[in-house]
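J.: Using the sequences plus the hints, can you model the full thing?
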Amino acid sequence: MSIELTHDQALTPPEPARTLIHPLWVRLTHWVNAVAMVVMIGSGWEIYNASPLFPFAFPPAITLGGWLAGALLWHFAAMWLLAVNGLIYVVLGVATGRFRRMLVPIRPREVLADAKAAIARNLSYDDLSIYNAVQKLLYLGVILVGIVIVLSGLAIWKPVQLQELAAAFGGYTAARYVHFFAMAAIVAFLLIHVIMSFLVPKSLRAMSVGR
Amino acid sequence: MSRIRRNPPGVDPALLVRDAAKLMPDLTRRRFLRGGASLGALALLTGCDIVDGASAERALMKVSYFNDRVQAWLFNPDKLAPTYSDSAVTRPFPFNAYYSEDEAPEVDGQDYKLEIGGMVDNTKSWALEELYALPQETQITRLVCVEGWSAIGKWSGTPLREFLRRVGADTRAKYVWFRCAEGYSTSIDMATALHPQTQMTFRFDGEILPRKYGFPMKLRMPTKLGFKNPKHVMEIAVTDKYLGGYWEDQGYNWFSGI
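Residue numbers (this note's numbering), protein chains in the order written: chain E, 1 to 211; chain V, 1 to 258.
If you are wondering where the hints come from, they were derived from the structure by calculation, not from laboratory data. Keep in mind the model is a prediction, meaning the values are calculated, not measured. For each residue, glycine too, the CB sits at the ideal point set by N, CA and C. Hints should not be assumed to be uniformly reliable.
[Claimed, not checked] Here are some, though not all, of the chain E residues that point toward chain V, as calculated from beta-carbon distances under 8 Å: (1) Phe76; (2) Ala113; (3) Pro159.
[As the list claims (entries may be wrong)] Cross-link-like lysine-lysine pairs, in silico, BS3-like; alpha carbons within 25 Å at most: (4) Lys158(E) with Lys124(V); (5) Lys62(V) with Lys158(E); (6) Lys202(E) with Lys116(E); (7) Lys62(V) with Lys241(V); (8) Lys116(E) with Lys158(E); (9) Lys124(V) with Lys113(V); (10) Lys79(V) with Lys174(V); (11) Lys62(V) with Lys154(V); (12) Lys158(E) with Lys174(V); (13) Lys158(E) with Lys79(V); (14) Lys124(V) with Lys62(V); (15) Lys241(V) with Lys113(V).
T.: The following block contains the structure:
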């Protein structure tokens, strides 16, 4: 039995079936998290301004809430979105094996090599379903920082009821600094993350439609 | 915004003053969120003001009431706030209010009568000597301001639950409400009112409570944010009616437990 090929089929390789890079739950939790983050950071900056830890304040134009009470309302509303969504993401990430499959192992040598390649614009972004070592480090890192910012936030919110947690951070005041630096780390991540999504626009499509 | 102000090291007093001005109740402000300004960052990001200010505010207040219930559930009536040594006390202790220190109300201790109302057996008012004759305790605890800063103070007075027992308060009531000399008011949940560290305070750091810290009596609760600790208390009422408070009515979370 012979297979007859048409001219087109014979000359062009079969179109690779676009595999699903990000399942629906990843895309949903990603974008819900994006909204929650923007609200938490914007309102958090306004709250910071009420009693700055450092000799600077955030420009009101980029803060959320208008004044302290408004910012607190936003912050303590979006915290539910952030926490519930984050919990779903972490539980599914562990349960489906996605974290194990995509985020580990992270080898320092590979991180260094991929970082150098990225800066030299030599890093391939052809297969978005495989993370390079720098991506692995940043994604895993920001998940861990996310856990720290939630726990330090709880310690600041309830330094009496959750005094053991506050003590683990070195007390109420130290927990405020931890919360601030965790925010700074997340903002730094977001800058790189957003810049990269514009440099590799198909990553934005993958996070939106999955492929 | 807690009612005690300090200038912590590294914090510019000018910033604090500007900040206090920002916290002043604005009579023209009818909404907590100041419309567009509140949504500034969101509008900036989306490129349009998609969220209507008033409906956003209603939704946020609903979450805030939900957070009241969550906090009441989280509140452990037996959990004590950490206490500190005398050397840990922040001296001088910060003054903070929506008015300046020289505008603090001057209450005459001779004429002072603490009024008692609502769901109590005995509504007789109390003179200062009678209050001073009640059993006294001292606590060294951390005051946490809603603005974020904190300071450790040394307060002495009578546990509120002891006083509520003496006036025959119905402790099944939901709230205890406080009216203050400067027009300030606040209300707390009964569980917090009965907490062992909730104190009717007559002395600060060993001295008769100075005017700036709330002479002749303030309420000290290390389980709540600073602004829930009223100064210059003139009246206490036990009630089932939600009466809010000065800052709470402007959008600050009512329970504000810590």
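J.: Please name the hints from earlier in the document that this structure breaks, with their numbers sorted from lowest to highest.
T.: 2, 4, 8, 11, 14
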